Amino acid sequence: MKPLPAPDVPGKTESERFSNALRQAFTVSKDDLLKREAQEKKTKTRKKRMTEKKKHK
Amino acid sequence: MLERDHELEEVCPHLKETPYKITSPKDPRYNCVAYAVGDLKNFWYDVSIKGYYWPPGVPSADTLEGWIKVFEIHGYKETLDSSLEPEYEKIAIYASETSPEHVARQKASGAWTSKMGKDIDIEHPSLGCLEGDLYGKVVKIMKRKCQGGKRVLE
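Residue numbers (our numbering), protein chains in the order written: chain E, 1 to 57; chain P, 1 to 154.
In short, the hints are calculated from the structure, not lab data.
The model shown is predicted, which means the values in this text are computed figures rather than measured ones.
Hints are not guaranteed to be accurate.
As the list claims (entries may be wrong) - Which residues of chain E face chain P? A partial, calculated answer using Cβ under 7 Å:
1) Val28
2) Ser29
3) Asp32
4) Arg36
5) Met50
Unchecked claim - Derived lysine-lysine pairs resembling DSSO-like cross-links, with alpha carbons at most 27 Å apart:
6) P/Lys118 to E/Lys48
7) P/Lys145 to E/Lys42
8) E/Lys47 to P/Lys16
9) P/Lys21 to P/Lys107
10) P/Lys50 to P/Lys26
11) P/Lys77 to E/Lys47
12) P/Lys69 to E/Lys35
13) P/Lys118 to P/Lys143
14) P/Lys26 to P/Lys145
15) P/Lys26 to E/Lys47
16) P/Lys50 to E/Lys41
17) P/Lys69 to P/Lys118
18) P/Lys143 to E/Lys41
19) P/Lys69 to E/Lys41
20) E/Lys44 to P/Lys16
21) P/Lys21 to E/Lys30
22) E/Lys48 to P/Lys137
23) E/Lys30 to E/Lys41
24) P/Lys150 to E/Lys47
25) P/Lys107 to P/Lys69
26) P/Lys26 to P/Lys137
27) P/Lys118 to P/Lys50
28) P/Lys41 to E/Lys41
29) P/Lys107 to E/Lys48
30) P/Lys140 to E/Lys44
31) P/Lys143 to P/Lys77
32) E/Lys42 to P/Lys50
A virtual CB, placed ideally from N, CA and C, is assigned to each residue, including glycine.
Start from the sequences and build out the full structure, keeping to the hints where you can.
See the structure below:
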């Protein structure tokens, strides 16, 4: 069985590529995090607003 | 398992007068879109974060167009009829004025099943019982032939 081709990771040396591969695996884009937080906040806010509205009725 | 979820009834008030059933415990790993397509391992939303998934090339998960495209990819086509047709499975997309909010899937019995955000799954007899401030209204019904005579997760 043929080994899988090496993943396309930038870097001039083996250790640089390894380090970059690790970083890629654990890095999350800030935009994505912010987008997820905004979406979760939107749902929470709406639920909270509706619960409060009920309490004040 | 609890018979009713009072917190849920606060935000979906029509459920108070509806004989719905809680069919699973809370599970934050998947959402309504994932549940509708039969994936219980990913949260379908378009961010590149582990545990989240959105099909490549599909418009934003914040748009109705994006949600419709997801279901088109899975073989669904738009229809106006939400009644039970035994050879078809159907989904119903709810949307507010600004964005899609929820999707429910029809079961072989004709009842509907929904994953409530990161919380529980419920079975509900009608689509109207989830309409309201939280999810908006049903704006799109889609259907596809049951694949191999079977429905998603049944």
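Here's how the hints hold up against the structure:
With its C-beta approaching chain P no nearer than about 5 Å, E/Val28 sits inside the 7 Å limit, and its interface hint holds. Nearest Cβ of chain P to the Cβ of E/Ser29: about 6 Å, under the 7 Å cut. The hint holds. Nearest Cβ of chain P to the Cβ of E/Asp32: about 4 Å, under the 7 Å cut. The hint holds. Against a cut-off of 7 Å between C-beta atoms, the interface hint on E/Arg36 holds, since the closest Cβ of chain P lies about 5 Å away.
Hint on E/Met50 holds. Least Cβ distance to chain P is approximately 5 Å, under the 7 Å limit. Between P/Lys118 and E/Lys48 the alpha-carbon distance is near 15 Å, which keeps this suggested pair within the 27 Å criterion. With a CA separation close to 35 Å, the supplied pair P/Lys145 and E/Lys42 exceeds the 27 Å bound. The suggested pairing of E/Lys47 with P/Lys16 holds, with an alpha-carbon distance near 16 Å, which does not exceed 27 Å.
With a C-alpha separation of about 13 Å, the suggested pair P/Lys21 and P/Lys107 falls inside the 27 Å cut-off, and the hint holds. At roughly 20 Å between alpha-carbon atoms, P/Lys50 and P/Lys26 fall within 27 Å of each other, so this suggested pair holds. For the suggested pair P/Lys77 and E/Lys47, the alpha carbons sit about 31 Å apart, so the restraint of at most 27 Å is broken. Among the hinted pairs, P/Lys69 with E/Lys35 is consistent with the structure: their alpha-carbon atoms are about 21 Å apart, no more than 27 Å.
As the CA atoms of P/Lys118 and P/Lys143 are separated by approximately 25 Å, the hinted pair is consistent with the 27 Å bound. Between P/Lys26 and P/Lys145 the CA atoms are separated by roughly 30 Å; this puts the pair beyond 27 Å, and the hint is violated. Restraint check: the Cα-Cα separation between P/Lys26 and E/Lys47 comes to about 17 Å, which is no more than 27 Å; the hinted pair holds. Proposed proximity of P/Lys50 and E/Lys41 is supported: the alpha carbons are some 19 Å apart, at most 27 Å.
Restraint check for P/Lys69 and P/Lys118: the C-alpha separation of about 22 Å stays at or below 27 Å, so the hint holds. With a C-alpha separation of about 32 Å, the suggested pairing of P/Lys143 with E/Lys41 is violated against the 27 Å cut-off. The hinted pair formed by P/Lys69 and E/Lys41 meets the criterion: a straight-line CA distance of about 25 Å does not exceed 27 Å. The suggested pairing of E/Lys44 with P/Lys16 holds, with an alpha-carbon distance near 21 Å, which does not exceed 27 Å.
A C-alpha spacing of about 39 Å is found between P/Lys21 and E/Lys30, which places the hinted pair above 27 Å, so the restraint is violated. A threshold of 27 Å between alpha carbons decides the hint, and for E/Lys48 with P/Lys137 the separation of about 20 Å falls inside it, so the pair holds. Only pairs whose Cα atoms come within 27 Å are accepted, and E/Lys30 paired with E/Lys41 is accepted, the gap being roughly 16 Å. A distance of roughly 35 Å separates the Cα atoms of P/Lys150 and E/Lys47; the hinted pair therefore is violated under the 27 Å criterion.
Distance hint between P/Lys107 and P/Lys69 is fulfilled; the C-alpha atoms sit about 22 Å from each other, no more than 27 Å. Restraint check for P/Lys26 and P/Lys137: the C-alpha separation of about 24 Å stays at or below 27 Å, so the hint holds. With a C-alpha separation of about 16 Å, the suggested pairing of P/Lys118 with P/Lys50 holds against the 27 Å cut-off. This hinted pair checks out: P/Lys41 and E/Lys41 have alpha carbons roughly 22 Å apart, not beyond 27 Å.
This hinted pair does not check out: P/Lys107 and E/Lys48 have alpha carbons roughly 31 Å apart, beyond 27 Å. Between P/Lys140 and E/Lys44, the direct Cα distance comes to roughly 25 Å. Compliance with the 27 Å bound is thereby established for this hinted pair. Under the criterion of a C-alpha separation no larger than 27 Å, the hint pairing P/Lys143 with P/Lys77 is consistent with the structure, at around 5 Å. As the CA atoms of E/Lys42 and P/Lys50 are separated by approximately 21 Å, the hinted pair is consistent with the 27 Å bound.
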